[in-house]
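Read top to bottom, the protein sequences are chains A and B. Taking my numbering, the leading residue of the first sequence gets 1, the next gets one more, and so forth. Taking my numbering, the leading residue of the second sequence gets 1001, the next gets one more, and so forth.
Among the clues, some could well be false.
Listed next, the in silico BS3-like pairs over lysine-lysine satisfying Cα-Cα at most 27 Å (straight line) [to be verified]:
(1) B:1138 x B:1122
(2) A:96 x B:1153
(3) B:1153 x B:1075
(4) B:1138 x B:1153
(5) A:96 x B:1138
None of these hints come from the bench; they were simulated from the model. Keep in mind it's a predicted model, so treat the numbers as computed, not measured.
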Amino acid sequence: MASEPELQLGWVDHELADEFPDLALWTVRVQARSGRSPEGVRERLRALASRITGGHVIHMRQDPVPWAYRVFWRQIGLDPDTTRTPVEQIALDRLKWGGLRSRNLLDDAITIATFETGVPVVALDADLVGSQLGLRLTGDHELLGGSGRPLSARQIVVADEDHCLAVLSGEVAEERGVTPSTTNMAIGAIQVKGVPRISVEEALWTVAETLSVGG
Amino acid sequence: MPETLERRRPIAPYPQGPPLAKQPARPAAHESLLQPPLAPRTAPDERPARRTLLDQIEHLEQELSSVFVPTWPRKGFEFSVASRGGPRLLSLAELELLRDDLATRVDDARRSLSDSSYVEEKHRCRIEEMLLEPEKHKWVRIGNDDIGEPGCKHWHVRPRWGILGMLMNWWRVNISSGCPLAQGRA
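Bound conformation, chain A alone (with noise of 0.2 Å):
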């Protein structure tokens, strides 16, 4: 890449921020395309997936990154075990189905980044959704993206000034995600307490680096 992303620090509802002092949102906007990863995407899916084996997943809620997100994912309601976190996941994914299954440009950008990080990232239609994002618990009789499913009260969601975007444990609104057609991204990441910042930020530059030099 000619030059890093320019990242932006996201606004925190003050409930939220008094709550978990250290949540914070990063976001970067980058102009690329989803649509089918090169092969060189797809060569790298298949040396990551190499990397992970049983062992690797056991001892990897102890690894200092994944096990914040556990921790958060507990404070915030979440059963971990159930609902795993990102990270956690494509591990899980790996072992049940012997690889990472390329799926498309984008979602496999953040298959890396998430992996190699352990930060949970998130993207969106940069076009679709307002220049300021952020994070803030829901009020009352609130839908997803504006017009999707409902949502129930004080939910933690990303939104902008107008909008629920995406609710914290990874759903994305369907009108505001992204779709083939997509040309601007705004990528997001969560931050919680126990991640050095240079994780995030080399989450979010992953995602935009695959995006650029698979676009």
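Take the given structure of chain A and dock chain B to it, following the hints.
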């Protein structure tokens, strides 16, 4: 002598206790029942309690992870603690319940691991005894599962040369070579 006693006597500034401040007249019992209870002027600050509970949950999750790793590859352990319908901010009561459930789960897992380790140690000792004196452990079969290790290896006390060994009391330990192949050899 009486003078000395007089000198040693402690001086009590208020022989009957300090003077009381002027107290307002107490209302009669039936009047106090009629008055509404005092409402707190400020809501209690939950943040210190919430912070403590979140720290305890973090600590317990660490303990649960530290118990989970040594249990592998044993089966029958339960590490799941029910979800609270997240992702959301939990109330103070929910945080307390979650903390209690986690503490119970950690205790259960640790106790189960301790029990398993004890039984596995007994099985290891028995394998040694089987190897030394197989005739005293006829037909006993102990697998890797029984000693908390992965794989299909097992130790089985069997008679040498079939029925002749049974009649002559010739016993030996057969050690399997591991898991069967997923597919037959070509």
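Handout entry: Hint check against the structure, violated hint numbers in rising order
Key = 5
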